[in-house]
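Peer 1: For the protein sequence lines, the chains are P and U, in the order given. In this text, residue positions in the first sequence follow this note's numbering: the first is 1, and each later residue adds one. In this text, residue positions in the second sequence follow this note's numbering: the first is 1, and each later residue adds one.
Some hints here could point you the wrong way.
[To be verified] Only pairs whose alpha carbons sit at most 30 angstroms apart, straight line, appear in this in silico DSS-like list of lysine-lysine:
# : chain 1 : residue 1 : chain 2 : residue 2
1 : P       : K146      : P       : K166
2 : P       : K10       : U       : K321
3 : U       : K321      : P       : K160
4 : P       : K146      : P       : K160
5 : P       : K160      : P       : K89
6 : P       : K10       : P       : K89
[To be verified] Beta-carbon label-pair distances, calculated as ranges:
# : chain 1 : residue 1 : chain 2 : residue 2 : range
7 : U       : W11       : P       : L130      : 42 to 48 angstroms
8 : U       : P271      : P       : R98       : 29 to 35 angstroms
9 : U       : R170      : P       : Q42       : 53 to 59 angstroms
Just so you know, the hints here were simulated from the structure itself, not pulled from any lab data. Beta carbons: idealized from backbone N, C-alpha and C, even for Gly.
Spelled out, the chains give:
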Amino acid sequence: MASDPNVLTKQGRLLISILIIGHLLAVVLPPLSVQTRGPIGQSPSIATALGLIERYSQMLYIDRGYAFFAPDPGPSHLIQAAVTDQNGKRVEWMYPDREQHWPRLLYHRHFMLSEFMEEIYQPPGPPPELRALNRDEAIYWGEARKRYEHVRRSVVDHLKYENPDKEVAIRRVEHLLPDLLEYQIAPIELTDERLYRVLLDQNVQEATSE
Amino acid sequence: MRTLGSDVKNWCTGYVEAWDRFWFTPRLPHTLSVLRIITGVMLLYSHVVLATDLTSFLGETAWVNNETSRQLHDGAFGFSDFGRTYLWYISSPTLIWVHHIFTIGVTACFAMGFLTRITSPLAWFLQLMYLHRLTGVLFGFDQIVTYMTMYLMLAPSGSCYSVDSLIRDRFGSPSRGRFWKWLWPESTPTISSNIATRLLQLHLCVIYLFGGISKTRGQTWWDGTAVWYSVSNYEYQSMNMTWLYRYPRFFSAMTHATLFWEVFYCALVWPRLTRPFVLAFAVMMHAGIALFLGMITFGTMMIAANMIFISPEWVQGSLGKMRAGSPESGNS
């Protein structure tokens, strides 16, 4: 590169061009890999290309899928906390809470945490038959469950720290969207209790039998 | 045969020249400087809001404690990535606070354009360290504010509308050395301003393209109900817009327009004929997200990001006219 920053040698342009192309690949390939994932896993060609730049894009936090409100706007996921003191008095509240969490950015951080708990949720398991059928899938199941349990434990520990000498329990709650056709006939409050559903932490056999 | 060979050569030369023009034509830094102020202020706001409940998000007693946060990245649960941060190892609340106050100071300097050549990459690096620590509580706002900081550090974004420009104009002289000129650069066209602009423009196109593609996999974005379902999400909404159910033609038109706009943004934002319409829709859509879906920070940053398609000459001219018309200038 010459001393004038606006005069680049041919070699300088070539080097910068290579860096630009590498960076652009790191921008494009992560969301492409999300879209090209199917029942048999990632597209082999995209997975191979992604392998070249994956670490770089992860390091720079550009390994995102950009699926905002997609594929469809869905229900919200909340954390319900119950704190019981030594006299047996119990107080319950939800995360996120518009009244408690202000400004809105702080509310949104709590909202994302409760959504993260849903995103990483894995039921107890794996089912015994899966161990026999697909060992890798069973290992994956076990590790995903361990991840969820660690995050859940961390959330409970935080609440215990905030509420010393009290019992703390949490559960996940789904806040459903009202059905548009039903809403057009009989509008309801978005906070109507019929739109809330407790998400039980149970294994697949129990959930299926219900 | 010779004609075919020369045609191919001309074709290749044409591509190389177009590539050169696209990436290596010097550009004024004025748009980037305005974006530096907006990005810096929003990043500063993010750090200040985090400070209101700092130890709930950092340290050993956080919602996601240090160890769990590290394990989410290092493969302890079978899933690993290359996101790394020293914040996993800071346990002392005092040290966390000292670090956070330092981060706020650096980000404030970046926003006001003070020692921007240093504070700009430092603000980006510190933000990146926070992102890898705050796994589980991040959203689109964190992405776009980080990307903009990343691209702004490549250019002399502190060369105008900044403390740096005041220092340069007050104390600068032609005899100053190379370091001085690097630290307090002139607000003249540079290749680095152009590269930063192009990278942000293309990154924005990628964000919208894949945002649109992922929506095409859904049903509600096709049957026209997605906008109504979005505004009927209680946790997102900041204003109750469920009354839109009475106007299905309106909300379905908004849904279709949003889907097609996102998918075709990457093509229609470049021609001068279509650009104003594409940018006007961006402002409307993101203002809607900011006002009605409770994401004022995200909506604001996305509108700011779209400003990257505004020419620096126009920004320079408009702000110059505003200055000339202000009472301080003595021209009014």
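Peer 1: Would you pick out the hints that fail for this structure and give their numbers low to high?
Peer 2: 2, 3, 6, 7, 8
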